[in-house]
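Trainee: Each chain is listed here by its residues.
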Amino acid sequence: MVKSTYQPPPSALPPLPPGWTEHKAPTGHTYYYNAETKESTYKRPGVAPVAPIAAPAAAPIDPAMSSYVQHQMVPQINLSDPAVANAFMAQYGQQQLQQQGHRGGFGGGARGGFQARPRPQPVDKPRSKVAIPGCEPWILVYTKYGRRFAYNPVKNASYWRIPEKLMPAILELDTARIREKAEGKKPEQGGEDKQETRDAEKTGKPAGESEPEEAAHDYDSSEYEEVEVTDDEGAADDDQDQDGGMRKRQRTEEPSADDGPAEFTEADIAAQLAAMNAEYNDTEMGEGGAEWEEGDEGLPLSDEDARELFKDLLNDFRINPYSSWDKLLEEGKVFDDARYSILPTTKARKEVWEEWSRAKIQELKERRAKEEKKDPRIPYLAFLQEKATPKLYWPEFRRKYKREEPMKSTKLSDKDREKWYREHINRLKLPQATLKSDLKKLLESVPLSALNNQTMVSNLPAQVLADIRYISLDPKVRDPFVEAYIQGLGPPPEAGETAEQEDEAAKKAREERRKRERALEERERVVAEEKRRQEKKMQYERAKLREEEREIERAMHVGKKGLQSQLVGDKA
Amino acid sequence: MPAIRPASKRKPPPDGFEDIEEDLLIFSNKMKDAQNTPTDNIPKHQAQWPIFQIAHQRSRYVYELYYEKEAISKKLYDWLLKNGYADPMLIAKWKKQGYEKLCCLRCIQTKETNFNSTCVCRVPRAQLKEDQDVQCVSCGCRGCASTD
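Chains A and B, in that order, give the protein sequences.
With the first letter of the first sequence counted as 1, position 107 gets the number 107 in UniProt numbering; the numbers rise by one all the way through.
With the first letter of the second sequence counted as 1, position 115 gets the number 115 in UniProt numbering; the numbers rise by one all the way through.
For reference, chain A alone in the conformation it holds in the complex (with noise of 0.2 Å):
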């Protein structure tokens, strides 16, 4: 866990110490002069140090509160395993350095001057130590943040890699922890600290609290306090820790619980520890912040699984898929969530937010569209029979209603608004008899399949709920009459009922097949008609043609009379 900046107001804090003054520091921090001592430091100097039983009791009054909040944001994360712990710090180190650099959203990339302020620092600290059996130098260091590193206190060297000749010693070594943790005895700890452990066991409370008194006198400022807390409950999820490797981290303060070096103090851990974290840091920078050591374990998530969660993410909070992106982070409703920091970077989350954006508005798009379009005219009716009185003139009644959500909806015009306000106040000074027979006349015009005896009095069809007539008669005359009038009508038609189940688009693409098919037919006698006439034409001009042939026939053929019978026939 990384250490908190958050500095709560100088007016809510306890008063200094005589001799003690406040300053600023260029970059913004807080620090404290004693002028008298010529000793300066970050942390706020206490009157005297808190007792570490009474801090966690005031924790919850003391305005450092909303730092205890921001730790808090990470419940689900366990960060006694050393994968999670590492994964988160790379995450939550960027995610604070994009807040700081966001711009409101504005154009393109940021260009933020943020760089130039050094960012919070992680502080980790060795907790505990264990020597690997069968590689004897080398030992297993946990840190507070339950992250481990092996040491060499020969070379002097240490690495957050497990090199690759002590790893099956110390999967044994877990293995062999996690039996034990199975059979509720930790072996290797002293009688002291067993006994201590089961007693935490036995009460339920995190094993974390009734941290040894050398831990606590480290740091006396309230913030140790906190990181305590949020790390016992990440250790407290004893169910999480059992299954998939998941360690909780060793208690064993007492440096004789351990058979390492006689050499090997903590403060030495301390320094490899802090020469770590630089070049772990360093590491992290150059590669622009999106790799980062996994240890010896590979990430409890992958990648789908994290795209997916933070798709829940969006769901649980409704975010509106139709906002803008910076909206979202404008809100910054979300940064509180822990599934918002499973992602890495700003850049992956905002791709899987449009990812899911464009599916979450398709899937609505298509869900409007099933669903049948309502009418705007219901409602509205259904308004007006509440509200309408014969007393109010149209403009009065819709200035004293013009804030009610019928008459503002831009579906309906004003002029029917008007239109059907007056024919309702002048249909209810009609009687009652000839409302009801209205009514019955408008039950009576709905077909079979729309209305029958399997309708309910509160699902009637719009046909009917969209008609003045309806909204007539006073609910309490008018129900029971349509509910007598829908009991005397037969069962729904088969036929229609099938009819009315046919969708709409297979509907749609018959009545385009019959009138292709129609539009075919019509193109077809056309064209049968023409051929016809071509043909007629043709034989009739190869009757005529036949016609003239044998009249040249005729001609040509001269008989013994010669020329005279033409001439004769001529004559004639």
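The set of hints was computed from the structure by calculation and includes no laboratory data.
Just so you know, even glycine gets a beta-carbon here, dropped at the ideal spot from N, CA and C.
It is possible that some hints are incorrect.
Unchecked claim - With the C-beta cut set under 10 Å, the calculated list includes, among others, these residues of chain A facing chain B:
id : residue
1  : ALA182
2  : PHE317
3  : ASN320
4  : ASP326
5  : LYS327
6  : GLU354
7  : LEU412
8  : SER413
9  : SER437
10 : ASP438
11 : LYS440
For this one, chain A is given, so just place chain B on it according to the hints.
Mentor: Frame of chain A, contents of chain B only:
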């Protein structure tokens, strides 16, 4: 000037407007606020920065809804442009290569500058000096080159 019709007499906006109405309302409120804030004690050239920025954001919102998310219909998109919810000229530039992130039209108006050049915010970050923090004069953009 034609008479401005009251909302009740106007034609209703195309379908799908209800989905984005709220966000557009937020934008218009922001714009109103920006227009009404006094500019007495800020430099003269900075007075219009928020206006430009909000106009950009709103145009971008509409642009993304139509071209990237495909969330609104062509009809609604045209209606939005016609009713001034987005700047069609700016959107036209965004469709061109090299102008995908353009902040405002004034920043590419070379005729308005002394050396016939575009604004400094159009310069890719790689070509700027190390740690050179620019903010352009016309709209306060910190860089809108496509490669950034």
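Trainee: Take the shortest C-beta to C-beta distance between LEU412/A and chain B; is it under 10 Å?
Mentor: holds, 9 Å
Trainee: Go through the hint on ASN320/A and say holds or violated, using the shortest Cβ distance to chain B against 10 Å.
Mentor: holds, 7 Å
Trainee: For the hint on SER437/A, just tell me whether its beta-carbon gets within less than 10 Å of chain B.
Mentor: At 35 Å from the nearest chain B Cβ, SER437/A fails the 10 Å test, so the hint is violated.
Trainee: Could you check if ASP326/A really has its C-beta closer than 10 Å to a C-beta on chain B?
Mentor: holds, 7 Å
Trainee: So, GLU354/A near chain B? Judge it on the closest CB pair being under 10 Å.
Mentor: holds, 8 Å
Trainee: Are LYS440/A and chain B close enough, Cβ to Cβ, to be under 10 Å, as the hint says?
Mentor: Hint violated; LYS440/A Cβ to chain B Cβ min 35 Å, cut 10 Å.
Trainee: Holds or violated: is there a CB of chain B closer than 10 Å to the CB of SER413/A?
Mentor: holds, 8 Å
Trainee: Once the shortest beta carbon distance from PHE317/A to chain B is found, is it less than 10 Å?
Mentor: Check failed: Cβ of PHE317/A comes no nearer than 16 Å to chain B, outside 10 Å.
Trainee: Close enough to count: is the Cβ of LYS327/A nearer than 10 Å to one in chain B?
Mentor: holds, 7 Å
Trainee: Hint validation: ASP438/A versus chain B, beta carbon distance must be below 10 Å. Holds or violated?
Mentor: With Cβ-Cβ at 30 Å, over 10 Å, it is violated.
Trainee: Under 10 Å, Cβ to Cβ, is where ALA182/A needs to be relative to chain B, so tell me if that hint holds or is violated.
Mentor: violated, 51 Å
Checked against the numbered hints above, the structure violates hints 1, 2, 9, 10 and 11; every other hint is satisfied.
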